[in-house]
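There are 2 protein chains.
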Amino acid sequence: MRTVDEGTGMSSSSLPSPSGATLPPLERQSFRDGMAKLAAAVNIITSIGGNGRCGFTASAVCSVTDSPPTLLVCVNKNSQSHAVITTSQVLCVNTMAGPHEEISMAFAGGVKDMNARFAVGEWTTLVTGAPVLKEATVAFDCRVTQVAEVGTHDVVFCEVLAIHEGGSKDGLVYFGRKFHRLG
Amino acid sequence: MRTVDEGTGMSSSSLPSPSGATLPPLERQSFRDGMAKLAAAVNIITSIGGNGRCGFTASAVCSVTDSPPTLLVCVNKNSQSHAVITTSQVLCVNTMAGPHEEISMAFAGGVKDMNARFAVGEWTTLVTGAPVLKEATVAFDCRVTQVAEVGTHDVVFCEVLAIHEGGSKDGLVYFGRKFHRLG
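Line order of the protein sequences matches chains A and B.
Quick note, in our numbering, the first sequence goes up one by one and the last residue is 183.
Quick note, in our numbering, the second sequence goes up one by one and the last residue is 183.
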């Protein structure tokens with residue numbers, strides 16, 4: 001789901017193997033193939049900046065702690081949304097419902113123009129001004145509290161300020177390089 | 001899935017609302033109810049220390065970057081496994097397959113004794129010595145490279161050194177406070 005570009009920083013491992021030989025680094029493709037088997041919810045991460053709304057599809061989102069309510073989102077440092085989020089310090093995690101394959105593909109890059117991505121679906125706002133998809137299974141309106149840099153990505157920690165539930169009881173999951181509906 | 005205890009650190013938000021009033025912090029229960037709608041793969045995180053093997057069930061795992069191959073795991077600072085992982089600096093993420101509800105419940109606290117948890121399933125090791133469940137959908141053998149402290153939890157970033165695929169094509173997901181099988 002997430003496109004991952006060339007990395008920077010962080011040296012490769014050279015942990016000795018039991019025989020004492022140095023291990024070669026894991027192949028990038030092996031890692032991707034393995035990660036394809038880790039099921040994940042499909043989310044659209046949105047933000048708002050001086051040039052308007054932006055958003056991208058992401059599966060690398062998870063809960064961190066409820067004290068205070070905090071989640072994290074992994075954001076490619078080369079992405080357009082990264083610049084907006086690090087400036088505005090706000091974002092919304094919109095968790096997709098079963099029928100949201102099309103909008104998920106649009107925000108995954110199927111539609112290039114940021115404004116055009118928002119032509120599909122009905123959008124509102126809660127507290128921060130970041131776009132909230134009305135029919136999302138759940139939407140978490142957040143402010144950024146902390147960032148950890150890891151290679152090509154920033155891991156953005158966010159305090160959840162408000163939640164919207166769209167009324168859908170099902171979810172959309174990406175697993176085995178396919179969408180799956182959960183009900 | 002993950003139990004989250006009392007928090008420390010990190011102040012509550014007091015972002016002004018559009019009317020200028022200060023927003024109350026989000027209720028912990030509202031956050032938990034919202035997070036129950038974010039589907040996630042079920043994993044058993046294992047490690048090895050001076051007192052032997054340990055492990056716990058976690059849904060807060062995600063891919064970070066493939067340069068170098070890196071994932072993250074959120075670990076409660078009060079947990080027994082936290083002490084082992086921060087000392088040994090190794091862990092294995094074992095991603096559960098469809099039939100793994102019982103073992104997932106054992107490692108979620110259904111079985112208290114660490115050694116007894118490993119009585120179910122066949123276990124092996126790859127590079128680091130952390131336990132690898134042979135029949136996991138996929139297992140990521142890792143060394144810790146970086147830790148970010150966020151309230152009650154440490155977010156542990158890990159370089160993936162080796163991968164095992166157990167031959168299963170299905171996955172186990174937690175959503176709406178229930179297990180779901182994906183195939």
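To be clear, the hints were calculated from the coordinates, so they are not data collected in a lab.
Some hints here could point you the wrong way.
No copy labels: a pair is met if it fits in one copy or bridges any two.
Below 35 Å or equal to it, Euclidean Cα-Cα: the simulated DSBU-like pairs (lysine-lysine) are [stated by the list, open to error]:
(1) 112 to 77
(2) 112 to 134
(3) 77 to 169
(4) 178 to 134
(5) 112 to 169
Status of each hint after checking the structure:
| no. | hint | result |
| --- | --- | --- |
| 1 | 112 to 77 | within (18 Å within a copy, 42 Å between copies) |
| 2 | 112 to 134 | within (22 Å within a copy, 42 Å between copies) |
| 3 | 77 to 169 | both (33 Å within a copy, 33 Å between copies) |
| 4 | 178 to 134 | both (24 Å within a copy, 25 Å between copies) |
| 5 | 112 to 169 | both (30 Å within a copy, 33 Å between copies) |
Going through the hint list in order, the structure satisfies each hint without exception.
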